[in-house]
Every structure is written in C-alpha cells, then in structure tokens.
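Okay, here's what each chain looks like letter by letter:
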Amino acid sequence: MYTQGLASGVDTNERQLEDAALLQRFQERIDAEERIEPNDWMPEAYRRTLVRQISQHAHSEIIGMQPEGNWITRAPSLRRKAALLAKVQDECGHGLYLYAAAETLGVAREEMVDQLLAGKAKYSSIFNYPTLTWADIGAIGWLVDGAAIMNQIPLCRCSYGPYARAMIRVCKEESFHQRQGYEIMLTLCRGTAEQKEMAQDALNRWWWPCLMMFGPPDSASQHTDTSTRWKIKRFTNDELRRKFVDATVPQAHFLGLTVPDPELRFDEATGHWVHGAIDWDEFKQVVAGNGPCNTQRLERRRRTEQDGAWVRAAARAFAEKEKSHRNAAAAA
Amino acid sequence: MTEPTRTEAAIPLWEVFIRARNGLAHKHVGSLHAPDATLALQAARDLYTRRGEGLSIWVVPSAAITASDPAEKGMMFEPTASKIYRHPTFYEIPDEVGHM
Ligand SMILES: [Fe+2]
Ligand SMILES: [Fe+2]
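One line per chain: the protein sequences are A and B, in this order. Numbering of the first sequence is given in full-length UniProt numbering, commencing with residue 1 and proceeding in unit increments. Numbering of the second sequence is given in full-length UniProt numbering, commencing with residue 1 and proceeding in unit increments.
Same shape as in the complex, but just chain B (with noise of 0.2 Å):
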C-alpha cells in the first residue's frame, strides 16, 4: 500500500482477547492501535467494554501472530477429514449394551 503522507510513525497494532466470564476462554474480540502494552490494556477497556462484556483482557502485539495460510487449507486440515476413526460413531456397540 501506498506510504501515509504524514511524518509522525505508525502506531502499533494490537489484538484484543476478552474474557466475558469466569469459565469462559478469552475470546478475539478486534485490535486496536497503541504506543505500548499499558495503553493499549486502557484503550481496549474504552473501546470494548463499555458495557459489561469482559472480567479479563488480553492485548497481544498483531505482529506477534503467526497464521496459518488458508491457501493452505487443503494440506493442512484435509488429513484430518479422512481419519474418521478418530470420531466416535466409527465404532460399533450394540444397543443391548446400553449408552457408551
């Protein structure tokens, strides 16, 4: 993309996970841009939880994630679709045996 016109740096971009209640795993919520960390935790709690949505917050550097790319898709999840004994219903038990 074309270079901002502007002088001043980019501000980093950070995602943002929230734990919405205890027992529940932190959930991606969006990202957000901050200076660091600490301003980022406070601009996540501005921006996403003005109305109750979370217990907990992570903020992690966007630049720190490594994806998978879905061009990929097919080598690296179509494995597992062909190893349908890995699922439950592969296995036959009789009825008479109750519920297993």
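Chain A extracted, bound-state conformation (with noise of 0.2 Å):
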C-alpha cells in the first residue's frame, strides 16, 4: 500500500545475537494483543520494519498533496474549492501525524525528509500518476482514500502504539474525503453526456493502479510473514485488494460506470468479485521510479524544501532573539 518498497528484512545474525528471552516475552506482548510503546524493548527488524513502513507511509501522504494540489486554483466551485483545500491539508496533517510516530522509534524527521528528497525512500506508487481532468480528483478520493481506508483500518489495531494512534486520527479524517470525491464522481455522472464521459475517462485510468497500492499479490510478498506475526499487519495485499474491489464495485455500478476490466466477475460461490489479471510490470516500473510522474513529483518536493529554508531560518533566528532576550531579562 503506501509501503510498497519494503525489503524483507530479518538479518539473521542480529537475531541471534538479541537475548532469547527478551524475544520470546516480546512475542508473548505481541500475542495477547499488549501494545508496544517507544521505550519498551523490541527487536532490531521490529524497529526498521516500523521506521521503514511508517516513514514511507508519511511520505505518501505529503507527495499525495501533489496530484490533487494540482486542481484547487481551477475547482468548479466555492464549495469544491474549500472541501479540496480541506482535503489536502488533512494529508499533509497525516504526514504529521506519521512523522512524528516514526521518530519515536528514533530515527529524526529530517533524515527522514533527507531520504525522501535525495530519491532513497519510496512512496507509494498512485501518485506518480497524473490529474488530467477533475474527474480525476473525483477519482481520487473515491478510489484512492478508499483504498487507504482499507489498508488503515487494519492499522489502527498495529502492535506499535504511537503508529496505532496515529492511525486512528488518520481514519477518522479520511471518510469526508472518500465522500466528497464519490460526491464530486455522482455529480459528474448526473450531469450532462461529456461530464459522465469524464468521470468514467477517470475510472479507467484510475481503476487499475488502485488495485497496484495493495502491492505485490500474497504469492510473490517476502515480508507479509514476519509483519503479521508481530501484528503490523493483520491482512495480506490480496486480502484487502479483494475487501476493496468488493465494496467499489457496486458504487461503481451505481454511478452508471463501467469497471475497465472486461474479466470483472461475481463469483456466486464465495460472494465476491473477481478481477482479471493486474499488470504487475507496470507496478514495478512504477515503483523503480518510471512511473509518468516519479520525477516532477520529487522535484517538486526538493524545490518546495528550497523555497522554504528562508522561513525556518526566519523562525529559528527570531526564537534565538526571544530566548535572548528572555535570558538578559532575568539575569538583570
């Protein structure tokens, strides 16, 4: 999802070098469902896992203003203006948010932003692709926020305490935005022939790279296991990619759209829908960083980072002057 570059990752050696005991109580925390704090003891991989997914996680949301900052000057409307500016601030409040869990473990919100913009840290794949239409920021919302909730109400039960908090704020943020994107696609598709044209355009473009941020089926994902058994994650990738697909079928259908997936099913026997085959090429070609937006959005990031030192030495040299003055007042 928005972790999609994990690396799988439990060195073998460190693990034998961690006190047996120590491991074993930790697992036993994990299992009757006890949640970890910063402080407490935890296994090196347990802590890299953590920094790697939440950091990636904090990245998403942050370049995810992007796509969408890219339509709230040209908003049809006062109303779709104000709910898109609200939406996009919320995002930069959820990297925030997960900044600020990732540094519990340690690891400094700067090094995380270093990675980020020297191209060593990965994001997820959906936002390298680009908004052509505002169809697309009704898209967005449905699909994209959609398909994040799936992933991040899971998450709100993760064994690491401060990422489980800040998960829970997250969720309770992310329904306004699934609906005003699902608000914006009704509206498109009760409007006039070449609005209802637009918003299925979007569908079709949009369709199959959200089904991609579940990330790499269950057969070929190295590091489900060990994240599921320290209950970071509690579904696989198909799990919640078949969850997902079930619930936006139907709202799909309701919109009078068609799913651009000539092999789109309902399966009787299971009760779900089944979905043809996913170009895992394309994902991957995404995810090394050939996706058609990869560039501009880092770019992006890296020029904003610029435009800004000006401010943060601003602030820092004015709270230097306060503190000073503060400390001459009391010495006098």
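Any given hint could be a false lead.
DSS-like mimics (lysine-lysine), calculated; alpha carbons at most 27 Å apart, straight line [unchecked claim]: (1) A:243 with A:284; (2) A:172 with B:27; (3) B:73 with B:83; (4) A:172 with A:81; (5) B:73 with A:231; (6) A:243 with A:172.
For the record, the hints were derived by calculation from the structure and aren't laboratory data.
Dock chain one against chain two, each of which comes alone in its own frame, and use the hints as you go.
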C-alpha cells in the first residue's frame, strides 16, 4: 500500500545476538494483543520494519498532496475548492502525525525527509500518476482514499502504539475524503454526457493503479510473514485488495460507470467479485521510478524544501533572539 | 541514529495536550516540531484541532519531560499491586448495613 518498497528484512545474525528470552517475552506481549510503546524493548528488525513502513506512509501522504493540489485553483466552485483545500491540508496533517510516530523509534524527521529528497525513500506508486481532468479529483477521493481506508483501518490495531494512535486520527478524517470524491463523481455522472464521459475516463485510468496500491500478490510478497507475526500487518495484500474490489464495484455500478476490466465477474459461490490479471510490470516500473510523474513529484518536493529554507531560518533566528532577550531580562 | 545530511539545525520537538471540553483534563494528542512556543501553539492549532477537537492547548518541549523507564516497571509499580488493603473491597461490611 503506502509502503510498497519494503525490502524483506530480518537479518538472522542480528537475531541470534539478541537475547532469546527478550525476544520470546516480546512475542508473548504481541500475541496477548499488548501494545508496544516507544521505550519498550523491541527486536531491531521490528524497529527497522516500522521505521521503513511509517516513513514510507508519511512520504506518501506528503507527496500525495501534489496530484490533488494541482486542481485547487481550478476547482469548479467555491464549495469544491474549500473541500479540496481542507482535504489536502488533512493529507499534510497525516504526513506529520506519521513522521512524529516514526520519530518515537529514534529516527529524526530531517533524516527521513532527506532520504525522500535524495530519492532513496519510497512512497505509494499511486501518486506518480497525473491528474488530467477535474474528474480525477473525484476518482482519487473515491478510489485512492477508499483503498487507503481499507489499508489503514486494520493499522489502527497495529502492535506499535504510536502508529496505531496516528492511524486512528487519520481514519477519522479519511471518511470525508472518500465521500467528497464520490460526490464529485456522482455530480459528473448526473450531468451532461460529456461530464459522465469524463468520470468514466477517470475511472478507466485510476482503477488498475488503485488495485496495485495494495502491493504485490501474496504469492510474491516476502515481508508479510514477520509483519503478520508482529501484528504490524493484519491482512494480506490480496485480502485487502479483495475487500476493496467488493466494496467498490457496486459503487461504480450505482454511478452507472463501467469498471475497465472485461474479466470482472461476481462469483456466486464465494460471494466475491473476481478481477482480471493486474499488470505487475507496470507496477514494478512505477515503483522503480519510471512512472509518468516520478521525476516531477520529487523535483517539486525538493523545490518546496528549498523555497521554505528562508522561512525556517527566519523562525529559528527569531526564536534565538527571543530567548536571548528572556535570558537578559532574567539576569537583570 | 545517523546525523542528518542537511546543514540546517534540527527544529525542536514539542508535545501537544488538548482539553476537549471544559471539565476535562488536557490529554496528550501527539507531537510536532516548531522553533518556539508561539509557533508550536499555532502549529498545534492547525494540526490537531481542525474539527473542533479542543478548547485549550498546552505545548511542552519534549526535552522537558522526564519519563519512567519501562524496564523498571516492576520496581516502580509492583508494590501497589500487593497493597490490597488500599481498595474498598478489602473491608467486610455486613449486607444489613446497606450501601457504603
Ligand atoms: Fe491521508
Ligand atoms: Fe485522504
């Protein structure tokens, strides 16, 4: 999902070095559904997996502001503009809650941001697709935020306390995001033939990339095992993808839109929708940096960091000045 | 952890506490970075109260917090577990006396 670039990760040597008794006690706490808090003992691989997952999730929220920010000044009405501004501001907030959660594991926010700016950190593949029309804003809210919700709800019960708490805040805010997106789609679908076509085009372009958001199929995913044992992950990629498809297909039908998958069918026996094959080569390309907007997204993020440097410097200088005034007053 | 590659100094960390309603205590909601208290308050307003979550905010420099060590949980908290006479149910009062 927002953490597709996770390398599988337990170094066996490292594990042997750690006290076996501590490890066992740790696993018992996890099995008993106890939450792990920042200063508790934890295996290095648990810490490392979480730092990687939470920072990738944070980067996704921050980069995710770009495709939608692209339409703020061109929103078709003041109502839509206010909603979109509020949504994008929420995504920024999500990024900040998540950086703060990752920092409790002993990594500085500056370090995570630098990794992103250096192109060494991953973020969700979905944000490397362009927003070509206003309907894309509807499709993102409905589908991208819809997929994010599927992924984030189980994370509210993640074994790591600060991550779980951040996810609870995030999930409370996501519901508005999805509803405003679906409302945009509904309005377009009830509008002129041209508007409905625009909505269909957006669904056509976003559907498959959204299914890819859940990450590689279970048969190809290496890091699910440890993450599941540590209760960082509660459902597999395929399980979450299926939940998403089951929830979303009827919503598409209600809009009167066609899901761009000729093989899509409802399986009476299982009660689930079955989708056609996903183009995993496309996914790999986008994750590897070759998606339609990878370069542009990173470039923009770097420029923003540079443009903000003088503001941070001024705020720091002011804080220093105030502090020395206070000290002088105290000494007098 | 490894040193950031940037030349900029790190911006201090603050813990944020919010009182949701009068009559309730301030509750820890998360943390944020800000150069000084004024900006920390402003950022806390933007970050943690976008939907009427609070009536009052405290920001506290994270460095000012002294925390107990979870590894010393036993030493810190176990003694209270053995003092059952601190609980009302330890004392036997005949039913006839009624609710007490
Ligand atoms: Fe978000
Ligand atoms: Fe969202």
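Hint check results:
1. A:243 with A:284: 23 Å, holds
2. A:172 with B:27: Holds, because 18 Å separates the two Cα atoms, which is no more than 27 Å.
3. B:73 with B:83: 16 Å, holds
4. A:172 with A:81: At roughly 21 Å apart (the allowed maximum being 27 Å), residue 81 of chain A and residue 172 of chain A satisfy the hint.
5. B:73 with A:231: 24 Å, holds
6. A:243 with A:172: Holds, at roughly 19 Å.
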